[in-house]
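Residue numbers (this note's numbering), protein chains in the order written: chain A, 1 to 408; chain B, 409 to 676; chain C, 677 to 845.
Hints listed in this document are in silico derivations from the structure and should not be mistaken for laboratory results.
From the three backbone atoms N, C-alpha and C, an ideal C-beta is built for every residue, glycine too.
One should not assume that every hint holds.
Unchecked claim - Stretch-level coverage of chain B by chain A, calculated; a stretch enters the list once three of its residues show a Cβ under 8 Å from a Cβ in chain A:
no., region
1, 520 to 527
2, 649 to 657
Said to hold, decoys possible - Capping the alpha-carbon separation at 16 Å, the derived lysine to aspartate or glutamate pairs in EDC-like fashion look like this:
no., chain 1, residue 1, chain 2, residue 2
3, B, K519, B, E489
4, A, K212, A, E151
5, B, K519, B, E466
6, B, K521, A, D159
7, B, K603, C, E762
8, A, K266, A, E224
9, A, K189, B, D673
10, B, K599, C, E762
11, A, K307, B, D426
Claimed, not checked - Sample of chain C residues with no beta-carbon within 12 Å of chain A, all distances over it, derived:
no., residue
12, I697
13, W703
14, N707
15, S729
16, F736
17, G737
18, R741
19, R775
20, L826
21, R829
22, R831
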Amino acid sequence: MQQPNRLRPFFENITFDRDDNELVLNFGPQHPSAHGQLRLMLHLQQEQIVKSHPDIGYLHRGMEKMAENMIYNEFLPTTDRMDYIAASSNNYGFALAVEKLINVEVPRRAKVIRMLLLETNRLMSHLFWLATTALDIGAMTVFLYAFREREYLMDLVEDYCGARLTHSAVRIGGVPLDLPDNFLTDLRKFLDKLPENIKDYEDLLDQNRIWKMRMENVGTISKEMALDWGCSGPMLRASGVNWDIRKEEPYELYDEVDFDVPFSDKGDNYARYKLYMEEMRQSARILYQVIDMYAGTSPELMAHAPKFISPSKIEMMTQNYSLQQHFVLVTQGMRPPVGEVYVPTESPKGELGFYINSQGGPYPYKLKMRAPSFWHTGILTDLLPGHYIPDVVSIIGTTNIVFGEIDR
Amino acid sequence: MRAYTPKDDVQKKSYYTDRYYVAPQVPKFDVETDDVFAADLKAIKAKFKVSEAYIQVEQMVVYINPKNIHAVMTLLKDELEYNQLSECSAIDFIAARGGFEVFYQMLSMNKRKRLRIKFFIKQDEAIQSVSDVYRSADWAEREMYDMYGVIVKGHPFMKRILMPDDWEGHPLLKTYPLHGDEFAQWYEVDKIYGKEARSVIGPEIRDAARVDRYDTERFARLGHEVDFGAKFDENQAETPIKYQEDEGVFMIKKLDSSESVTITDRDR
Amino acid sequence: MAQHKIDFTKDGGLPVALTTIDNVVNWGRSNSLWALTYGLACCGIEMMASGASRYDFDRFGTIFRASPRQSELMIVAGTLTKKHAEFIKRLYDQMAEPRWVISMGSCANTGGMFNTYATVQGVDRVIPVDLYLPGCAPRPETLQYGVMMLQQRIRKEKANRSLKPKRLM
Ligand code: SF4
Numbered sequence: 001m002q003q004p005n006r007l008r009p010f011f012e013n014i015t016f017d018r019d020d021n022e023l024v025l026n027f028g029p030q031h032p033s034a035h036g037q038l039r040l041m042l043h044l045q046q047e048q049i050v051k052s053h054p055d056i057g058y059l060h061r062g063m064e065k066m067a068e069n070m071i072y073n074e075f076l077p078t079t080d081r082m083d084y085i086a087a088s089s090n091n092y093g094f095a096l097a098v099e100k101l102i103n104v105e106v107p108r109r110a111k112v113i114r115m116l117l118l119e120t121n122r123l124m125s126h127l128f129w130l131a132t133t134a135l136d137i138g139a140m141t142v143f144l145y146a147f148r149e150r151e152y153l154m155d156l157v158e159d160y161c162g163a164r165l166t167h168s169a170v171r172i173g174g175v176p177l178d179l180p181d182n183f184l185t186d187l188r189k190f191l192d193k194l195p196e197n198i199k200d201y202e203d204l205l206d207q208n209r210i211w212k213m214r215m216e217n218v219g220t221i222s223k224e225m226a227l228d229w230g231c232s233g234p235m236l237r238a239s240g241v242n243w244d245i246r247k248e249e250p251y252e253l254y255d256e257v258d259f260d261v262p263f264s265d266k267g268d269n270y271a272r273y274k275l276y277m278e279e280m281r282q283s284a285r286i287l288y289q290v291i292d293m294y295a296g297t298s299p300e301l302m303a304h305a306p307k308f309i310s311p312s313k314i315e316m317m318t319q320n321y322s323l324q325q326h327f328v329l330v331t332q333g334m335r336p337p338v339g340e341v342y343v344p345t346e347s348p349k350g351e352l353g354f355y356i357n358s359q360g361g362p363y364p365y366k367l368k369m370r371a372p373s374f375w376h377t378g379i380l381t382d383l384l385p386g387h388y389i390p391d392v393v394s395i396i397g398t399t400n401i402v403f404g405e406i407d408r
Numbered sequence: 409m410r411a412y413t414p415k416d417d418v419q420k421k422s423y424y425t426d427r428y429y430v431a432p433q434v435p436k437f438d439v440e441t442d443d444v445f446a447a448d449l450k451a452i453k454a455k456f457k458v459s460e461a462y463i464q465v466e467q468m469v470v471y472i473n474p475k476n477i478h479a480v481m482t483l484l485k486d487e488l489e490y491n492q493l494s495e496c497s498a499i500d501f502i503a504a505r506g507g508f509e510v511f512y513q514m515l516s517m518n519k520r521k522r523l524r525i526k527f528f529i530k531q532d533e534a535i536q537s538v539s540d541v542y543r544s545a546d547w548a549e550r551e552m553y554d555m556y557g558v559i560v561k562g563h564p565f566m567k568r569i570l571m572p573d574d575w576e577g578h579p580l581l582k583t584y585p586l587h588g589d590e591f592a593q594w595y596e597v598d599k600i601y602g603k604e605a606r607s608v609i610g611p612e613i614r615d616a617a618r619v620d621r622y623d624t625e626r627f628a629r630l631g632h633e634v635d636f637g638a639k640f641d642e643n644q645a646e647t648p649i650k651y652q653e654d655e656g657v658f659m660i661k662k663l664d665s666s667e668s669v670t671i672t673d674r675d676r
Numbered sequence: 677m678a679q680h681k682i683d684f685t686k687d688g689g690l691p692v693a694l695t696t697i698d699n700v701v702n703w704g705r706s707n708s709l710w711a712l713t714y715g716l717a718c719c720g721i722e723m724m725a726s727g728a729s730r731y732d733f734d735r736f737g738t739i740f741r742a743s744p745r746q747s748e749l750m751i752v753a754g755t756l757t758k759k760h761a762e763f764i765k766r767l768y769d770q771m772a773e774p775r776w777v778i779s780m781g782s783c784a785n786t787g788g789m790f791n792t793y794a795t796v797q798g799v800d801r802v803i804p805v806d807l808y809l810p811g812c813a814p815r816p817e818t819l820q821y822g823v824m825m826l827q828q829r830i831r832k833e834k835a836n837r838s839l840k841p842k843r844l845m
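Take the sequences, apply the hints, and build the full model.
Put into structure tokens, the structure is as follows:
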């Protein structure tokens with residue numbers, strides 16, 4: 001028989017209605033606009049928040065522990081489930097960190113394909129952000145429109161890797177597959193349409209009175225605060241710091257493509273919204289350039305590093321030693337040298353870093369994922385006080401947090 | 409005799425390691441090879457004891473004394489322009505050296521450099537919080553405490569962050585099994601239904617290698633739908649995919665697939 | 677049109693259909709399955725996608741509600757962690773009878789790839805489940821198919837109140 005009094009939450013010891021007129025409000029962990037499983041304990045004076053206390057960990061799945069018990073290749077699919085809106089960017093972050101550790105260079109075609117994946121993922125993530133935030137504010141039409149466009153990208157990625165959400169489309173040392181036949185033409189078709197679509201969204205939102213009232217001068221993050229809290233990506237750029245890892249510490253082919261990094265010094269929700277829109281345009285611009293790069297590349301997809309990376313299928317089928325090597329790499333895993341790396345990449349949400357400490361074994365000794373959303377949730381502690389309850393939803397919306405990577 | 413399993417490190421071990429295998433090192437470079445880092449290191453060395461410093465994969469690593477951490481962080485922020493603390497965590501070396509290695513990953517946007525401050529502490533040693541220098545250390549230190557049990561002094565809100573508050577043990581310690589100890593495995597049952605319910609609900613099935621197609625309690629297959637726990641064997645015919653009952657549904661028009669249109673033009 | 681002017685002998689006859697109470701009640705229940713949004717992780721995104729423009733769940737009368745009091749179907753989409761387990765139980769208890777649960781994705785079915793200390797190895801350890809959907813993540817089509825299977829099953833059930841409430845224990 002069920003005993004109802006056993007369900008005693010941790011915050012039971014808080015008196016929810018107090019003498020000093022302070023009300024404690026529990027928000028989440030299962031709230032439709034909490035973007036996952038965020039729990040906020042808000043202390044209120046009338047409608048105004050005086051203290052906020054984000055409580056996370058409701059999606060802690062123990063990924064870092066899993067990493068310590070898995071060989072490097074085995075762990076790669078798990079990274080999909082971190083920032084599941086843009087799975088390939090996590091795959092890529094992890095693969096790049098391991099590549100830095102074992103010091104291999106990826107062939108150019110693989111780089112091009114990775115760039116295509118990274119930027120389509122960025123578009124997917126931003127479209128998803130727009131859809132959900134608009135839905136939270138009440139703009140249902142934008143939600144439907146943005147999801148429509150996102151489905152096209154999903155189809156494209158599905159054509160490439162076979163999965164809609166959990167791609168695992170990058171391997172350590174390259175990419176597993178070449179692009180399918182119509183990928184580039186389809187992508188180009190989509191990109192040709194994209195400016196129109198973005199304009200549609202902007203027409204609906206930019207001058208929309210409700211949208212402006214809920215966005216402008218709400219959730220203003222100053223430059224110092226953003227830096228102090230370890231913000232990165234659009235959160236930091238909206239606060240007036242022009243810092244994009246793609247530009248400042250270029251990886252892959254970002255130093256060969258031409259793009260602008262938008263930034264704003266307003267720091268409020270509206271600035272972040274404008275920033276996301278502009279970043280979508282820039283992503284499209286990058287994609288156009290990368291599409292043109294594809295044609296001239298030689299068809300290798302995986303780096304040649306027999307100690308760490310399995311040989312190609314043809315070699316495996318024809319050379320005995322390659323087959324043996326592959327067998328060892330699959331069953332025992334590669335053994336990177338002793339040492340440690342921290343590799344930051346610019347994921348759609350911000351600085352996604354992987355810290356790997358290797359002690360020479362086939363399992364990472366310690367793997368720490370620096371997920372941008374973790375810090376963007378932390379900033380809610382200082383950001384929310386002073387705001388009103390309805391603002392909470394729009395602020396959470398524009399921070400663009402994803403719980404897979406906060407709790408890991 | 410029961411097989412011996414080491415208790416101080418229950419992480420998965422490779423089943424075979426060549427006896428003569430000497431793991432290579434990721435190359436370390438002298439700090440003098442980089443002007444910016446050399447200047448930074450000089451500034452740190454002027455005030456504090458640095459036991460080791462080198463450059464590895466384009467980032468400088470500096471080992472300091474754990475007592476100086478707060479002062480070093482202040483120096484880095486105020487004078488050396490390291491304006492962000494991007495990550496901070498610990499590494500468990502209890503089995504090998506009896507303590508933790510703590511690292512602070514720093515970023516300077518003006519210099520475009522990344523730096524890692526590291527130090528070693530004994531297992532029961534506490535460290536000084538730097539959350540008043542960098543606010544981001546607030547949550548990082550809480551996570552470090554949650555995952556490793558490293559006590560941080562002077563922290564404004566030292567509580568677990570990822571695990572529930574009544575959790576026992578620190579999951580990222582090497583002594584903590586991946587599948588959790590007994591407390592962890594029964595946590596939700598104990599909490600919701602009480603310990604008495606353990607026998608009714610039964611233990612978790614943790615064998616990842618178990619694959620049984622005919623297990624209808626733990627696996628579902630599309631096109632082979634059966635009831636929960638029903639018997640299901642090799643000869644069972646595939647269940648045809650049906651969206652409606654054959655005899656039709658009360659008040660609902662029967663789906664006629666010949667009437668439906670497939671849109672092939674993706675450009676609308 | 678005034679009521680007395682309707683000629684029931686013409687225009688397709690009387691606006692009356694004869695049926696059983698069971699049929700009527702189940703018709704109503706199966707075609708207005710309001711689902712409690714229980715997006716926990718990646719599968720929740722696929723659940724949202726099925727509610728959005730391309731897959732359009734509203735066609736089946738499945739509307740996502742944010743309140744357990746207004747919904748009779750709980751789609752558990754994603755990884756249930758130990759920290760969250762008590763809340764799912766609490767929300768399930770708040771739903772009115774009759775209620776159904778779809779466990780979407782391998783995480784919700786068995787813990788999936790997360791065979792770790794922090795993950796509940798299947799939501800059926802906490803609440804009773806009616807339908808398990810395989811996949812990581814199941815496609816929206818799978819969810820649609822699952823909901824239609826559930827509708828078929830509901831139509832087979834008896835509508836009366838003597839049905840025992842579903843309890844894990
Ligand atoms: S089943 Fe797969 S996609 Fe679904 S929540 Fe689990 S890991 Fe994510």
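Right, here's what the structure says about each hint:
1. Counting residues of the region 520 to 527 of chain B whose beta-carbon sits less than 8 Å from any beta-carbon of chain A gives 3, enough to reach three: the coverage restraint holds.
2. By the rule of at least three residues with a Cβ nearer than 8 Å to a Cβ of chain A, the coverage given for the region 649 to 657 of chain B is violated, with 0 such residues.
3. Pair hint B:K519 plus B:E489 holds up; C-alpha atoms about 8 Å apart against a cutoff of 16 Å.
4. For the suggested pair A:K212 and A:E151, the alpha carbons sit about 28 Å apart, so the restraint of at most 16 Å is broken.
5. For the hint linking B:K519 to B:E466, the alpha-carbon distance of about 13 Å falls within 16 Å, and the restraint holds.
6. In summary, the hint linking B:K521 to A:D159 is not supported, as the alpha carbons are separated by about 39 Å, beyond the 16 Å threshold.
7. At most 16 Å may separate the alpha-carbon atoms for a hinted pair to count; B:K603 and C:E762 meet this at roughly 15 Å.
8. For the suggested pair A:K266 and A:E224, the alpha carbons sit about 13 Å apart, so the restraint of at most 16 Å is met.
9. Between A:K189 and B:D673, the direct Cα distance comes to roughly 12 Å. Compliance with the 16 Å bound is thereby established for this hinted pair.
10. Annotation: proposed proximity of B:K599 to C:E762 holds, straight-line Cα distance about 7 Å (limit 16 Å).
11. Proposed proximity of A:K307 and B:D426 is supported: the alpha carbons are some 14 Å apart, at most 16 Å.
12. Residue-level check passed: C:I697 sits 31 Å from the nearest beta carbon of chain A, beyond 12 Å.
13. With a closest Cβ-Cβ approach of about 28 Å to chain A, C:W703 is found to remain outside the 12 Å limit, as its non-interface label requires.
14. Once the 12 Å rule is applied to beta carbons, C:N707 is consistent with being away from chain A; the minimum gap is 22 Å.
15. The Cβ of C:S729 sits about 4 Å from the closest Cβ of chain A, inside the 12 Å cut-off, so the non-interface label is violated.
16. Non-interface status of C:F736 relative to chain A is upheld: no Cβ of that chain comes within 12 Å, the nearest being about 17 Å off.
17. Every beta carbon of chain A lies more than 12 Å from that of C:G737, the smallest distance being close to 18 Å; the non-interface claim holds.
18. Its closest Cβ contact with chain A, about 9 Å, brings C:R741 to no more than 12 Å, contrary to its assignment away from the interface.
19. Taking the minimum C-beta to C-beta distance to chain A, about 15 Å, the non-interface status of C:R775 holds against the 12 Å cut.
20. Separation of C:L826 from chain A is adequate, the least Cβ-Cβ distance of about 21 Å exceeding the 12 Å criterion.
21. Remark: the non-interface label on C:R829 is consistent with the geometry, its nearest Cβ contact in chain A lying 25 Å away (cut-off 12 Å).
22. Separation of C:R831 from chain A is adequate, the least Cβ-Cβ distance of about 29 Å exceeding the 12 Å criterion.
Figure legend: structure checked against the earlier numbered hints; hints not met, in rising order: 2, 4, 6, 15, 18.
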